[in-house]
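Enquirer: Below are the chains, spelled out letter by letter.
There are 2 protein chains.
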Amino acid sequence: MDEFELIKKYFAPLERRDNPALVRNGDDAAVIGVPQGKNITLSVDTLVEGVHFLPNASPEMVGFRAAAINLSDIAAMGAEPCYALLSLVIPNNDEEWLQNFSSGLGECLDKYNCSLIGGDTARGPLAISLTMVGSVSGYPLTRTGAKVGDSILVSGTLGDASGALGILNKAPLDAHEKFLIKRYERPLARINLSMSLLGIANSAIDVSDGLLADAGHIAAASDVGIDLLASSIPISESLSSVYGEKKALEFALSGGDDYELIYTVPNESLAEAYSIAAKEAIKLTKIGIVTDGSRLRCFSDENQDIALKTKGYKHF
Amino acid sequence: MDEFELIKKYFAPLERRDNPALVRNGDDAAVIGVPQGKNITLSVDTLVEGVHFLPNASPEMVGFRAAAINLSDIAAMGAEPCYALLSLVIPNNDEEWLQNFSSGLGECLDKYNCSLIGGDTARGPLAISLTMVGSVSGYPLTRTGAKVGDSILVSGTLGDASGALGILNKAPLDAHEKFLIKRYERPLARINLSMSLLGIANSAIDVSDGLLADAGHIAAASDVGIDLLASSIPISESLSSVYGEKKALEFALSGGDDYELIYTVPNESLAEAYSIAAKEAIKLTKIGIVTDGSRLRCFSDENQDIALKTKGYKHF
Numbered sequence: 001m002d003e004f005e006l007i008k009k010y011f012a013p014l015e016r017r018d019n020p021a022l023v024r025n026g027d028d029a030a031v032i033g034v035p036q037g038k039n040i041t042l043s044v045d046t047l048v049e050g051v052h053f054l055p056n057a058s059p060e061m062v063g064f065r066a067a068a069i070n071l072s073d074i075a076a077m078g079a080e081p082c083y084a085l086l087s088l089v090i091p092n093n094d095e096e097w098l099q100n101f102s103s104g105l106g107e108c109l110d111k112y113n114c115s116l117i118g119g120d121t122a123r124g125p126l127a128i129s130l131t132m133v134g135s136v137s138g139y140p141l142t143r144t145g146a147k148v149g150d151s152i153l154v155s156g157t158l159g160d161a162s163g164a165l166g167i168l169n170k171a172p173l174d175a176h177e178k179f180l181i182k183r184y185e186r187p188l189a190r191i192n193l194s195m196s197l198l199g200i201a202n203s204a205i206d207v208s209d210g211l212l213a214d215a216g217h218i219a220a221a222s223d224v225g226i227d228l229l230a231s232s233i234p235i236s237e238s239l240s241s242v243y244g245e246k247k248a249l250e251f252a253l254s255g256g257d258d259y260e261l262i263y264t265v266p267n268e269s270l271a272e273a274y275s276i277a278a279k280e281a282i283k284l285t286k287i288g289i290v291t292d293g294s295r296l297r298c299f300s301d302e303n304q305d306i307a308l309k310t311k312g313y314k315h316f
Numbered sequence: 001m002d003e004f005e006l007i008k009k010y011f012a013p014l015e016r017r018d019n020p021a022l023v024r025n026g027d028d029a030a031v032i033g034v035p036q037g038k039n040i041t042l043s044v045d046t047l048v049e050g051v052h053f054l055p056n057a058s059p060e061m062v063g064f065r066a067a068a069i070n071l072s073d074i075a076a077m078g079a080e081p082c083y084a085l086l087s088l089v090i091p092n093n094d095e096e097w098l099q100n101f102s103s104g105l106g107e108c109l110d111k112y113n114c115s116l117i118g119g120d121t122a123r124g125p126l127a128i129s130l131t132m133v134g135s136v137s138g139y140p141l142t143r144t145g146a147k148v149g150d151s152i153l154v155s156g157t158l159g160d161a162s163g164a165l166g167i168l169n170k171a172p173l174d175a176h177e178k179f180l181i182k183r184y185e186r187p188l189a190r191i192n193l194s195m196s197l198l199g200i201a202n203s204a205i206d207v208s209d210g211l212l213a214d215a216g217h218i219a220a221a222s223d224v225g226i227d228l229l230a231s232s233i234p235i236s237e238s239l240s241s242v243y244g245e246k247k248a249l250e251f252a253l254s255g256g257d258d259y260e261l262i263y264t265v266p267n268e269s270l271a272e273a274y275s276i277a278a279k280e281a282i283k284l285t286k287i288g289i290v291t292d293g294s295r296l297r298c299f300s301d302e303n304q305d306i307a308l309k310t311k312g313y314k315h316f
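Chains as they are written, first to last, in our numbering: chain A, 1 to 316; chain B, 1 to 316.
These are calculated hints, taken from the structure and not from any lab test.
Wrong hints could be hidden among the right ones.
Copies of the same chain look alike in the list, so a pair counts if it fits in one copy or across any two.
Distance condition first, Cα-Cα at most 30 Å in a straight line; then the derived DSSO-like pairs of lysine-lysine [what the hints assert, rightly or not]:
(1) 246 to 9
(2) 147 to 9
(3) 111 to 38
(4) 178 to 286
(5) 286 to 246
(6) 8 to 147
(7) 8 to 279
(8) 9 to 247
(9) 111 to 9
(10) 9 to 279
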């Protein structure tokens with residue numbers, strides 16, 4: 001099986017018939033049309049075996065997460081995902097691996113009507129790089145727009161996926177543990193929520209490096225301070241149950257694998273934001289405020305700053 | 001030096017001030033505006049150490065080629081390059097390597113007014129994946145448009161870069177050998193020529209897998225036959241001089257690293273095509289015709305088909 005057959009068998013079918021490119025998969029480049037007034041968002045994220053996932057990780061899960069992680073970046077811009085390009089470096093043509101990887105990738109892309117329109121395969125140590133293309137009407141959500149007085153809102157619950165990392169190879173699993181594993185293996189990109197909050201939120205970021213790190217990125221990019229209240233951070237019953245409250249809070253502050261979104265929303269739009277989230281059946285929790293300070297603080301109920309040492313994921 | 005510092009020092013400067021994105025490098029995704037009536041071309045190409053370049057390869061050369069190879073795909077569509085995203089997987093923070101790689105990458109992107117607007121870095125075995133974004137007015141050049149009776153034209157000379165592979169570690173080099181090495185290390189993407197041939201050529205492809213393989217791709221995609229005349233294939237004096245004529249022809253038929261372009265042009269537009277190439281000071285040579293057959297043939301002057309065994313680069 002050469003490169004062309006491999007692409008035809010496993011990846012060409014991930015181009016959706018209802019969302020084809022102008023020039024299909026298989027030419028020198030993919031070509032897409034852009035509706036008038038739309039801007040294009042572009043993000044790239046790479047997963048390397050042994051760094052971002054274990055060598056024995058389920059290929060379906062790796063495929064799903066590769067898409068979800070990238071889609072989360074599109075969500076953070078308030079954009080609508082439309083196309084993806086895959087660069088796949090594989091050590092050999094393990095057809096079972098390819099079939100399962102393609103299935104997981106397709107499962108996630110399908111959830112978001114996202115069409116795989118091009119890419120590249122090469123021989124080498126296993127690595128997956130996905131380029132995600134989205135479109136947005138007018139100016140997107142960014143990290144730079146937070147305003148003093150905004151409320152800091154976060155979607156869903158935090159720390160679950162970090163909690164999963166410690167029990168990936170455990171068996172059997174109870175219901176709480178299964179919940180955590182699912183949060184790690186099948187993260188959801190908050191696309192609809194973010195698209196609806198475009199024009200309502202002043203800024204957004206996805207929590208990929210951890211709450212403290214990513215809230216810090218908003219503070220730095222927007223040149224504001226951020227004060228968080230630890231006890232208001234949404235933590236799932238499963239995470240508290242498996243790890244206890246103290247450890248659960250640590251995961252929630254520093255874990256990035258849930259791919260939830262942080263938004264800053266001005267007070268006059270808070271009700272609207274909650275109403276939108278309720279319609280999407282997504283929990284949206286106020287966890288702090290934007291201040292005229294210059295740094296991130298996270299207060300315990302004893303009024304102590306527990307964010308002095310930010311513990312986000314360091315890529316290097 | 002963490003990921004953010006590394007990007008700031010070596011890659012953020014490759015965003016051109018005269019071609020910035022709408023949302024700059026550093027947010028969750030890059031955002032670009034698209035002029036009305038333009039379509040967007042997207043291509044991804046990955047270089048893996050030990051597969052696409054030697055472990056001792058000059059990082060400047062690797063950076064330059066990573067861009068050139070991708071730009072060649074944009075050229076094959078008749079598009080104008082505008083933006084690039086880089087996914088860089090590196091085993092460590094070798095600052096000298098990063099500086100030189102960034103310099104080579106920037107040198108090539110600058111030649112084509114192309115702005116680096118985003119990307120991703122990760123730890124792992126050295127691999128470089130570049131996503132190239134171009135724009136094209138209306139429908140692009142593709143592989144599928146070749147018409148029976150079209151002339152097959154090729155830019156520049158073929159086989160030089162393949163000839164270079166055998167002497168990469170040789171020293172000292174004579175003038176002919178230096179020419180070949182330069183053709184390998186600093187390939188040029190035929191952007192201007194292709195943009196000018198948009199609407200004139202019926203189809204195009206870049207020669208990345210070798211002349212026979214890539215002409216075969218046009219034949220298959222366009223559902224036509226192609227007859228080439230071996231003696232008309234443009235071969236540089238340097239390649240013939242270093243390797244002799246027989247070996248030089250082999251390189252020209254099967255070598256892909258020159259990144260020249262094949263166009264098919266209807267006869268009524270041939271004069272215009274030659275005139276455009278002359279203005280760009282690029283040699284454009286007729287090497288065959290599109291037939292109503294179904295396969296690729298390459299005739300020697302003794303009228304024998306020497307393409308029976310296509311010898312293009314196999315990715316796997």
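Enquirer: Against this structure, judge whether each hint is valid.
Expert: Going through the hints against the structure:
1. Within a single copy, residue 246 and residue 9 get their C-alpha atoms no closer than 48 Å, and across copies no closer than 38 Å, so neither meets the 30 Å cut-off.
2. Proximity of residue 147 to residue 9 under the C-alpha cut-off of 30 Å is restricted to the inter-copy arrangement: shortest distance 28 Å between copies versus 50 Å within a copy.
3. Within a single copy, residue 111 and residue 38 get their C-alpha atoms as close as 22 Å, and across copies as close as 29 Å, so both meet the 30 Å cut-off.
4. In this homomeric assembly, residue 178 and residue 286 come within 30 Å of each other (Cα to Cα) only inside a single copy, at 27 Å, whereas the closest approach across copies is 65 Å.
5. Taking the closest pair of Cα atoms, residue 286 and residue 246 come within 30 Å of each other only inside a single copy of the chain (20 Å); across copies the shortest separation is 74 Å, beyond that limit.
6. When the C-alpha separation of residue 8 and residue 147 is checked against a cutoff of 30 Å, the pair qualifies only between copies, where the shortest distance is 25 Å, while the shortest distance within a copy is 49 Å.
7. Proximity of residue 8 and residue 279 under a CA criterion of 30 Å is satisfied in neither setting, with 40 Å inside one chain copy and 40 Å between copies.
8. In the homo-oligomer, the alpha carbons of residue 9 and residue 247 never lie at most 30 Å apart, since the shortest distance is 45 Å inside one protomer and 36 Å across protomers.
9. Taking identical chains as interchangeable, the C-alpha atoms of residue 111 and residue 9 lie at most 30 Å apart only when both belong to the same chain, with a minimum of 21 Å there against 38 Å between chains.
10. With identical chains, the CA atoms of residue 9 and residue 279 are never at most 30 Å apart, being 39 Å at best within one copy and 44 Å at best between copies.
In terms of the numbered hints stated before, the structure departs from hints 1, 7, 8, 10, listed from lowest to highest.
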